[in-house]
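Participant: Listed below, chain by chain, are the residues.
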Amino acid sequence: MSVPLLAIGPAPIDVAALAATLAEEPAGRSLSDGAIVTFLGTVRNHNLGRAVQYLEYEAYEPLALRAFERIAAEAADRWPSVRLALHHRVGRLEIGEASIAIVTASPHRAEAFGACRYAIERVKQIAPIWKKEHFDGGDVWIEGAVADPDDATAREEAYRRACA
Amino acid sequence: MSVPLLAIGPAPIDVAALAATLAEEPAGRSLSDGAIVTFLGTVRNHNLGRAVQYLEYEAYEPLALRAFERIAAEAADRWPSVRLALHHRVGRLEIGEASIAIVTASPHRAEAFGACRYAIERVKQIAPIWKKEHFDGGDVWIEGAVADPDDATAREEAYRRACA
Amino acid sequence: MRITVRLFARLRDLTGAAELTRDVPAGATVGQVWAQLTGEFPALAAYGPSLSSAVNADYARMDAPVADGDEVAFLPPVSGG
Amino acid sequence: MRITVRLFARLRDLTGAAELTRDVPAGATVGQVWAQLTGEFPALAAYGPSLSSAVNADYARMDAPVADGDEVAFLPPVSGG
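These protein sequence lines are chains A, G, R and X, in that order. With my numbering, the residue at position 71 of the first sequence is 71, and numbering never jumps. Basically my numbering = 1-based index in the second sequence + 1000. Basically my numbering = 1-based index in the third sequence + 2000. Basically my numbering = 1-based index in the fourth sequence + 3000.
Simulated from the structure, these hints should not be mistaken for laboratory data. Worth double-checking, as some hints may not be accurate.
Claimed, not checked - Have a look at the derived ranges for each label pair, beta carbon to beta carbon:
| hint | chain 1 | residue 1 | chain 2 | residue 2 | range |
| --- | --- | --- | --- | --- | --- |
| 1 | G | Pro1062 | A | Ala11 | 42 to 52 Å |
| 2 | R | Gly2027 | A | Pro62 | 20 to 30 Å |
| 3 | R | Ala2046 | G | Glu1025 | 42 to 52 Å |
| 4 | R | Met2062 | G | Pro1107 | 32 to 42 Å |
To be verified - Just so you have them, the derived chain X footprint on chain G, three or more residues with Cβ under 8 Å:
| hint | stretch |
| --- | --- |
| 5 | 1025–1035 |
| 6 | 1134–1146 |
Said to hold, decoys possible - One-sided and incomplete, this derived list gives chain G residues near chain X with beta-carbon spacing under 7 Å:
| hint | residue |
| --- | --- |
| 7 | Gly1041 |
| 8 | Pro1062 |
| 9 | Leu1063 |
| 10 | Ala1127 |
| 11 | Pro1128 |
| 12 | Lys1131 |
| 13 | Pro1149 |
Predicted model, so just to flag it, every value in this text is computed and none were measured. Idealized CB from N, CA, C, for every residue including glycine.
The task is simple: from the sequences and hints, build the whole structure.
Facilitator: Structure below.
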């Protein structure tokens, strides 16, 4: 089963399909990979002391896809040996479900780890996606980073967290 | 399907089963996890300029299991919020097959990434496992680190690579 | 000229609209569209300092020009992942 | 006293044996077992500086004592992962 390398939508994330696609494209390339790193972000039952019931993710999808393309390009620029796949889910997500999956493959592990961590940091910085937390007693939009893809300081912080 | 959290043996690694087990044990604990990081080490078709045909892994299995337990304990000591699963395969492995899978789960991503990277570094430092590379024209035992679990410098280096 | 305004997350809740059609003066910038919108929905004004914006699904700065038929989006701080 | 010696990877190839049974003097250390072994298989000697060892499947230093019936393992540099 082949899926796009970068995607956003309401379907549950199929990590195995994502990894399989990355293994197939481009043909034969994965034969030189020795390291595959996967990050899954999942819905926690608690946040900031609140008992979470479920999350609702909303996105500006065409811009989110462009942000993913930008992130993939930034990662390729810093780690040329790495191939990357990224799926983000939107809509209602129950506790334990995956909101995001990032898979990186590379000949060596340092690059795969670095690019995977970098990608999730950048998603949190610049992807136009929002989560509304429904907890016992109410709901609230979570507001994190002011999205600015050209902010060099934010990008540096993402590299720092990626240990790059 | 439930599998041991730490294991070594000739069976192909079932990452999905490994992740599922980690999600189930202890019961309910995974509900507070927001981050799951997986590392897969796979057999590359090239190494040091040689065209690799296949690898043969050999281990001192009971000591390898103890080394995995030690590594899990070291990770738990440094990252108490992280749960960890680790499977290593032995025997003949073809190009593209996984020799090792490490899965870490934690409420937050920094800890899951750190512990996962730490664990693979430590496996390469202290697990009594050897690979024989069969390449076009011959074979060679790969010899990496002198295994010494008490070597504080090696452990520090693993923390450093884990960006901890 | 006529543009489409897209609003997300709490901005959508505050205005009650995910999408609005508005007439703006020829030569207007993204910032002028925002100013017009905060005139109409004063509760939005608090988001001025933490706002991001896009034109036709591409990030754009507040001084970017807007053309007839454009889709202008305003984004509160993001929380994906 | 009688012990079992386990050899791995290239050490196994050099001796042609994964497992040996050997008699060693009472009170012998891991290091003395190794010395006896390199007497028998001189090709092993090169591994002295990069050797690890274990007694009964637990890492042990070269000065660790060995008891009757123990399994003593010698490990070349590792390459798992």
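Participant: Tell me the hint numbers this structure goes against, listed in increasing order.
Facilitator: Checked against the structure, the only hint that fails is number 5, while the rest are satisfied.
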